[in-house]
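Q: These are the residues of each chain, in order.
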Amino acid sequence: MTIFNHRQPSRREVLAGLAAAGLAPNLLTLAEAAAQGIAPKRGGTLTTILSPEPPILVLGVNNQGPTLVCASKIYQSLLKFSPKLEPLPQLAKSWTLSEDKRSYTFHLQDNDKWHDGKPFTADDVIFSVMKFHMELAPRARGIFAKIKEASAPDPLTVVFTLDAPFEPFLLMFEVTAAAMMPKHIYDGTDFRNNPANQKPIGTGPFQFVEWQRGNFIRLARFEGYWKPGQPYLDEIIYRIVPDSQSRALALQTGQVLLTQASDIEPFDVPRFREQANLTVETKGWEYFSPLSWIETNHRVKPLDDKRVRQAISHAIDRDFIVQRLWFGVGKPATSPIASTTRFYDPASKLQAHDPRAATQLLDAAGLKPNAQGVRFTVKHLVLPYGEVWSRLSEYLRTSLRQVGIELVLESTDAGAWARRVGDWDYETTINFVYQYGDPTLGVERTYVSTNIQKVTFTNTGGYANPEIDKLFTAARTTADPTARQAAFSAAQKLLIEDIPQIWLLELAFPTIYDKRLQHVIELGTGIHACFDDVFLA
Amino acid sequence: MGGRKLARFLAQRIVKMVLVVLAIIVVNFLLIHAAPGDPASVIAGQSGAADAKFIAQLRQQFGLDRPLYEQLWIYVSGVVTGDLGISHRQQRTVASLILERLPATLLLTGAAFAFAIASGVTLGAMAARRVGTLTDSLITVLALGFYATPIFWVGLMLVLVFSVWLNWLPSFGMATIGVELHGMAALVDGARYLILPALTLGLFYTAVYARLTRASMLEVAMLDFVKTARAKGAPEGRILRRHILRNALLSVVTFAGIQAGQLIGGSILVETVFAWPGIGRLAFDALLARDYQLLLGVFLCTSVLVVLFNLVTDLLYAWIDPRVEAT
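Going down the list, the protein sequences come from chains A and B.
Quick note: the first sequence, position 163, residue 226 per the working numbering, numbers continuous.
Quick note: the second sequence, position 126, residue 137 per the working numbering, numbers continuous.
I should point out that these hints are in silico values taken from the structure, not numbers from a laboratory.
One thing to keep in mind: the hints can contain errors.
Cβ-Cβ distance ranges computed for the label pairs, FRET-style [unchecked claim]:
| id | chain 1 | residue 1 | chain 2 | residue 2 | range |
| --- | --- | --- | --- | --- | --- |
| 1 | A | Pro333 | B | Ala46 | 35 to 43 Å |
| 2 | A | Glu473 | B | Leu319 | 53 to 61 Å |
| 3 | B | Leu30 | A | Leu472 | 40 to 48 Å |
Don't be surprised by glycine CBs; every beta carbon is placed ideally from N, CA and C.
Only chain B is shown next, with the shape it has when bound in the complex (with noise of 0.2 Å):
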């Protein structure tokens, strides 16, 4: 694509891209409010006592005794310089609280992300190659049964079958407390740590990896240019990486791009049941207490995220298939 074009293109997506989040906010913040209770009823009901002066007194110091358009407007207002607004009920910034949790939800889906396209990819691979045999078979139950089974499921039975009865790995939290480690051992006491949850998560895309990766692989294997690679006299090998891996990858790119879009909001199952202190457990947390600062910043986020990888994968597209034109 010309440079020019590719301004104009890159000028319009950000445009609508702008007006999608916004939208979203709206949106989000109206849905938020419609819920039942407020964060100083959910104060209040964990409190053990309660009056009628505390309510409206927290109320009052949420700003929630405001018309809806008003909160609206001094959210929005808010968003558009860059200010996410304070959490109430943890007296902190929306912008630090999250920072504080993104790392560590990054560094899992970020884990399993890159877990699942290497595994899934190779296993289609395979498959595909040997399609028709046993191996292919194997592969193919096998990631059927890893889609079928629900996330928490997997997650509790790996704990128990690694944790509990072959005491190999621990079966929660992200890193050995009450020891300070350093370098090398900080980083292999971090990856214990995180092998379970990573697997738990990526498994379920291994499986759609490999099964695009192995029906695309099929697909392309019986056009044209292949016959001629092989009567050219190519090696094998080289023919399934350059020729038919790369040609199959347009699926898997799709696959990915709206995968990383979840990166930020798809482990919450994961980050509950190994008490992993990432964003998605934030947003739950933030969701049952009523806390609307923070749940509102934490979907800016993550459709932020969206929109972009969107772009990103248009983009990736233009540049793996030049048949393909980003408009």
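Isolated chain A, as found in the complex (with noise of 0.2 Å):
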């Protein structure tokens, strides 16, 4: 089962052209059938896509999308999580947390080898928590000072105590948060310059080939994985595709057989639903939920005011963006907090599409249209990121027209983006953040006025309302559950209320893949999972 021979076309090729020209029969009912529970199937090469090209595979030292999806393949962290986010077991066979709720003991499995031949210990997960995470990665740095002591009762036993209850603290151990570095290979090295970053090392099914830059990442079954039997994968190629129009002719002639994240735009995703041999599948992101808004910086005058946003809230059809920009994909808001992380309270609704209370709303603000029906003009920078994110600008634009708002559009590239946010230098802009399974882990950061800091994903807009910091506060130093739900439940609406930040939607991005593979979406991480049970029928 090896990837299309593009040389002639395949069977399947010809019968997806017949069936775009509606002549084929349906035949992968019964294929379909036939896949439900069949048994694993070993061998065979995984084609897939990588864009950008990531600058390095070391999870820790760089924490960027697409360093995610491919050496998640290669690392692996302490536990995995379901689509509930319920912790599942993976280098961590179970675990107790103590009466007082301040200790973690985690027994780990017992036949886990590094890449290189080397055991997997507790040691290894001291150091990567305590040193290696601690002072590479922000988000580890802030969740792992909080332990006071890490300890090692025996070679597959590791405690970690912290000085006080935190509940979301399993949410960290899952390999895009704090992956598990060997301690052999990096203690007491500068981590980021180690030349053993350019051949990576970890406990994960599929071990690291070759890289030929601008070309392809080659990644190998690793023989002496901790589960017998598995990976089933042979390879994993990771093809680097700089253009998305290339991108999507190669899902589409089998070049590829899956792509993931933003590889395939928005509007590229009707058309993969109709073809016969390819999945669509909008889950797997539950674990990020990644929450995209309209970014309004305070300092400027007159976003300050709540009544401008609700305004500006009240103007936008979010359903339109949802259906209209991204075909399906996604949902609106209704809520700070994603519907897929915890503590999302069902109760929680934006304002309506309802641009004739947008318009009461800025005339009780004080701001009249002008001859031209313009009230006030606002500039707004257009996130890099893709075709999509031009489009929903422009939309934008159209629809706060209509109550009387100019929106003035800027353009940017990535790197004078990040500056500008960072910085303050901006009006309004769109962003889009992960919410890492737990509001005090991703919505937090954003809203609490002591972390309004210069640099992107914190609170760059400046709102501060005493209040929401309080209950943010409570909800992060109680280990009670239904105490912490109470306080998350009264900062949304709350926040709601105030709407600092208009959210827009719930972005999922397609991970689209050929029928024949199983078991690639099954945890709340979706594409980030190791691959060890996904296999080509």
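Hints are included, so try docking the two chains, each in its own frame, into the full complex.
A: And the structure:
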């Protein structure tokens, strides 16, 4: 079972072509039925795409999107998470929490090896958490600083003791948050400049083989993997394809079997839904729950007036955005907390699409329209990560103009965008931010006044409400889930009233893959699973 | 040209070339740093989470916390001693990154170059020989078409026809991955991947060479020595090749010299459409990521190549046409 030989059209391609012409019978229902519960088949190469090309494949040193996609097959962490964000065993086969809710004890799998053959032990866990990620990763640093003591009573047991109970602690032991790194390679070295970064060593089912820059990355089965008989795939090849149309062509002609994240633009998705040999899956983003919003700089008048922000929220039709711009991939936001993140309050509702209410609010705020019908002008920095974001900004300009707000679009590239947002040198822009499973981990940072910093992914808008600070602190410091839910529900209500950022939609990125691939999207982290049980039927 | 004159000419030119390249380095350095954003903020913006310490750490590691003139001095003194610096983002030396991607680009642009000259001169000669006939009109219109059409559109259309509809050629990449090929099989495999990108890049220049050749040949064909050759009774083919074409080639050489200077830098669009792992994309990605050292390294290579080919073209003139003195 290899990738399609593109020298001659395969039978499947001919059928796909005929199906497109409306002539072929729907053969795949039989195959689909047979695929439900067939025994795993060993062998085969998974060819997929990685774009843009990551700079380096070592997690921790680099945490960008493409690195997470590829390196999650090389490295692993103690746990993995289901779509409902329940922790499942990975490198830790079981774990317990002490009575005072401050000590976590993990029992490790007993036949784990690194790709260079050395055994994986509790020392590696302690090194990864207390030294490696503590130094390199901002998110991990914030959480792991709470660990008062880390000890290894025996080589297969790790105990972390926190200075106070912290309910979302387990969510950090996911490969994209804190992957396990080999102590014998990194301890005592300069982590960022260690030459071993060019040949990543992990405990995952696939080991690094070669990387031809600009061309492809090749991973091969690690024969000493701790689950006997797995992984089923022989190799995974990540092709670097920079142009979005080339990627769509590659998927269509079968040159690649899987695409993920932003490889395929939303406007191409309907075409792939029609293709009989492919599955379009939008699940698998529950752990990240990316939420997009219009980011407003509260230092710019009149954006500091909450009536103006509420008006903007009323002026936008979120259903239109999801259906017409994202072609049904994703859903409208209803709260600053995504519906797939813990402690989401299902009673939350954002301002309805009501241009008349918008104009009334703007009148009440004292912003009258001039002779051309414009109440005020505000600049807007377009998010430079793909065509669809430009379309979104254009749609916003049209709908806001109808209530008298003139949006002036500015374009930049990724570097300039990050710099300007970080420096607060913007009026409005679009942003999307991951929630990481729990509002304390991914939501709090945008709204608490203590996190107003000059760097992206903090409270760059400058919103400050002491009541919100109190609610988030209460939710963070109590170990009782009921109390946390109460605090988060109150915070959601207050935030929806204040609407410091204008939430748009809960994003989902389509994972499109050949129907012969099994078990691709099963976890809450979707495409970032280690793929040890994926096989080609 | 006498030996001593040539030596003096070369010495003068080399000194000027070095000064020009140095000036280019300094200007590029200042230009790149003038763009908003730096490698640290790019990394922060793509990492999903960041704090002030993270950015400060990165800036310190990349040497960005030093004053600009100090960074410039460090860079230039490195270049002069042959050290192009390190790409902090990819953790490898700039020299190794460039050398790794250079052969792919040279293969692509070299193939396009050879194809363009061969086909362009041939078509231009055909058109000039049969001036005024249907063949001439056809070739001229075709040349106009390839000249006016944007490269990326040509590329996408070629992919659509030959890859998607006919399925004769692959749509992207440089070679088949996952199979070990040797000798003839490897050459054939590589050739199949090279055809579409080389065609895309070359067709534009084919048009240019065709028109240049045609115009030059028509002009030369009017001159006296051609009439003399005909009067002598020389065969038409020999007149065409030895007398007309050779003298018409000067303008072709001029343009070929310019195109040769673009051998490294001019293929980024084609490399993007065809996922060809070349220098153009390396530079573009470096620009987006504000990878200063890498970008400057690529600029350096390009400028060196351009001034070198400038020199070669001048020397070539003097060799082709003894009436021209290279000064």
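Q: Hints first: check each against the structure and report whether it holds.
A: Hint check:
no. : hint                             : in the structure
1   : A/Pro333 to B/Ala46: 35 to 43 Å  : 37 Å, holds
2   : A/Glu473 to B/Leu319: 53 to 61 Å : 40 Å, violated
3   : B/Leu30 to A/Leu472: 40 to 48 Å  : 43 Å, holds
The earlier numbered hint that this structure contradicts is number 2, and it is the only one.
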